[in-house]
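Q: Using the sequences and the hints, build the whole thing.
Residues per chain, in single letters:
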Amino acid sequence: MRLLALALRRFLWMPPTLLGLTLIVFSVSHVIPSDPARVLAGENASIEQVETLRRKFGLDQPLPVQFVRYVSDVVGGNMGISLYTQRPVATDLIERLPATFELALFAIALAIMLGLPLGVVSALMRNSWLDQIVRLVTIGGLAMAAFWLAILLQLLFSMQWNLTPVQGRIDGWGPDPITGFYTVDALIRGDLDTFLTALRYLFLPMMTLAIPAMATIVRFTRAGVLNVMNSPFVFYQAAMGLPRRVVIWKYILRAALIGTLTQIGLVFGNLLAGAVVVETVFSWPGLGTYAYNSILQSDYNAIMGFTLFTGSVFIGMNLLVDIAQAVLDPRGR
Amino acid sequence: MKTLLRLFRDRALLAGFVLISLLVLAAIFATPLSNFPDHVSGFDPAHRLKPPGATFWLGTDRMGADLYSRLLFGARLTILISISATGVAVLIGVPMGLIAGYFDRWYSDLLMRISDVFLAVPQIVLAIAIAQTLGPAIQNVILALSATYWPFWARIVYAETRSLRNEVFIEAAIAMGASPLRVMVLHVLPSIASSIIVRTTIGMGATILAAASLGFLGLGAPPPTPEWGRMIAESREFLPQAWWYATAPGIAILLVVMGFNLLGDGLRDALDPRIRRGG
Amino acid sequence: MVDLLSVTDLTVGFATENGTARVLDHVSFAMRPGEIMGLVGESGCGKTTLARAILGVLPNNAAIASGSISFAQTDLLGRDTAAIRGRDITFIPQDPFGSFSPLFSVGDQIGELMRWKSPDRAPGDTGYTRTRRRADAARIQAALAAVQLPDIERLLRKYPHELSGGQRQRVMVAMALLPEPKLVIADEPTTALDVTIQAQILKLLRQLATERGASVLFTTHDLGTAWEICDRVTVMYAGQEAETAPVADFFARPRHPYTAALLDSLPTQGAALLGIPGDVPSPFAPPPGCRFHPRCPRATDLCRASHNETAEPAPGHFVRCHHPNEWPIQDGGPAS
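Residue numbers (the working numbering), protein chains in the order written: chain A, 1 to 333; chain B, 1 to 279; chain C, 1 to 336.
Be careful, since some hints might not be right.
Have a look at the derived ranges for each label pair, beta carbon to beta carbon [to be verified]:
| id | chain 1 | residue 1 | chain 2 | residue 2 | range |
| --- | --- | --- | --- | --- | --- |
| 1 | A | Leu4 | B | Ala159 | 19 to 27 Å |
| 2 | B | Arg165 | A | Leu4 | 51 to 59 Å |
| 3 | A | Val327 | C | Asp3 | 34 to 42 Å |
| 4 | B | Asp269 | C | Pro288 | 35 to 43 Å |
| 5 | C | Pro288 | A | Arg126 | 37 to 45 Å |
No wet-lab data here; the hints were simulated from the structure.
Note that beta-carbon positions come from the ideal geometry of N, C-alpha and C, so glycine has one too.
A: In structure tokens:
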């Protein structure tokens, strides 16, 4: 029950946490002197035009009033109008969501598929040459700036070897949306060419996000396995002569995975953060580029919308991890 | 000395120490070490985008400046940003964690909830927003990073202080009539110092990466400051021909962040009594 | 009678940062079928290492420098004992709390053991047929009933953390006997438990092992425990066996000064070992000659200079001492 109670507690804390987050971002974008109406109107606008806009968006009201109005709007599902795209922020976010999720899901899947086995093997073959290489790559993967890795991959794969496009998400228009994931949609429609094209576009940004994520997963899996290998139950099972493969792949792995799982939740949240930089480098039309452009345009409704959205996903991921842990670990039930 | 030698038996720790020493030496002796000290803000059209060679060890940039010299001066900036940003974050986070952990009043929970709010969104997102609002300048990068990274220290100090509160030596100090401030500074802080040191070492690496990202996005120090992240951003329009332009500052960032991570891991293994007890 | 287990001249060293620690130094002793043998000594005397060496699960940094271990006429050293472990030689751990995986139910973990170690399993069999499963299920029921655990069906579905320490150790005893072993090695099996529960579990272990004809090698630092359940006792000091004798003889007629001092330091039966002046010698630099001489009231130049071998002054009574007590007591008498 302990973990489930914790999850419930976390769930109940979600609204106040998001409210606090809104307050922070609201303060950053309103209290600190920069005039959204001025930005919105453009450099050549007259004073009257600026004032009209100010009234239109309620920017002439006192800040607490603006804040309360914003919060009640958000609760009603209205995140305001993007000052830049002139469309509802919620619509913008939903439209760009699939691109980012496709990227992030592919990246995390790759990171888990490579990271978990590498972490386990590295721990089992502790101090072997394989372990040393894995550790070195892990240390490097964690220390690499994402944007630099992106450029390095572009330099090699796109510019040097001509294997992948430098940036973008697809040639021309994507397949007619069903899920919004180009790869999945192309497959559903049986369009293999589009699928392969989408995959080629996806490859570099996916690698850029996956490599540091993989490094984190390898690191925690390796440490987790080594830690569990020293526990008394593993000694007992060895002393009772249970087959080593059963001990490792059933008992040690399951125990180590619970620790890794927590990390995977965090890693996924960080993928969304990394997307801001990585999507910018690859001109990937997702939430990251949207956030970056809004920040450059001082489009504060869009900035707050993105931040709130990311915050919700982040907290939601942690909630999921708690529940998954409770399911996997009987002590938490 | 003997302790130091024993510490360096850990190869990771040694490697981290060497890398960070190199960074510090590069920053201190940037002028004598560099081939073209005046190239930091110079403009030399005759030598634009020269590949690495005998004169320009790491090649030149779009202004014809020597990349090796610029990297050396960039080391100063890197150290300045990471030390000030983590320093401020420690100064905010540690007292908050101490107070919230030591006392058990209404504000304990409130303080930790505030830090949860900051942790609810990826640090870099918040830092980008703050840095953009404040405008591109070094002090704004420092402010943005310390404003977003302090909760990490608050969290760890809070957790450690909580677990220490029932220890006999803390209770004894309280029973002897020591004031809360005295207990916190003289008894709690020394016991959790190693965790703070480890966390800070690794945090230095994280802030360097974040600062470089801000620089890359154009939110860092304005040109011609030799900021490593910005240098990589500048290089993009000259790829793939000027490959060295992006490579050199990227490797510099990689090595420095790696250095701090290795140092932090090594220190944790050496300082953390829980691990020592287990091994 | 033919020995079930015989350990001869066993020397085990641990490679550490500060050099090699010789934790076992030419240890010899033997066990007969069906007997319950106590391995007594202070912590650090090497009894746990000896138990681990017999099981063949020494830590990675340990190396066997000399000696042999033979079990049922086969040499155990230098071969993979995984097939023997858990089948002919089983194990009861010191820590019933950590020795279960927290993530699997008790039933799952007993089932796993029986899948690989059931008496019905043919060597090399990796499958688990329904017939075998059914036979094992009945065995498990019987074994858990034998260790006096109630409501077995529910117990099997529970997770280890839902059991009390005593219940867990009862399950451990049941698991040690389920494969119908010839030898059970119990490494301080009750140290982690309440005193009242300790006695119950020890009596149960003795009774069940005797009924099934299994020998038990039982390590403890508690002489009272040894007195209660053992047939014979070996006392260890600083990596060597000091004295081995039948339990009555051991308590009534100790020959080694260390044994005598141990018995002296017992205020009442059941108390822990206390009160011998001096420290246990370092395994890195043991004293020359007799290991015990720095603490021995009877030490002479002979003890300081020359290594002592085990002798058998009375049938079945072994002692490693230059000046053992003579029984009946002659000149001077024992230390007590």
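Q: Between Leu4/A and Ala159/B, does the beta-carbon spacing fit 19 to 27 Å?
A: holds, 22 Å
Q: The hint says 34 to 42 Å between Val327/A and Asp3/C; measuring C-beta to C-beta, is that right?
A: violated, 52 Å
Q: Is the distance from the Cβ of Asp269/B to the Cβ of Pro288/C consistent with 35 to 43 Å?
A: Given about 38 Å between the Cβ atoms, the range holds.
Q: Has the hinted range 51 to 59 Å been met by the Cβ atoms of Arg165/B and Leu4/A?
A: violated, 27 Å
Q: Could you see if the CB distance from Pro288/C to Arg126/A stays within 37 to 45 Å?
A: holds, 39 Å
Of the numbered hints stated above, those contradicted by the structure are hints 2 and 3, listed in ascending order.
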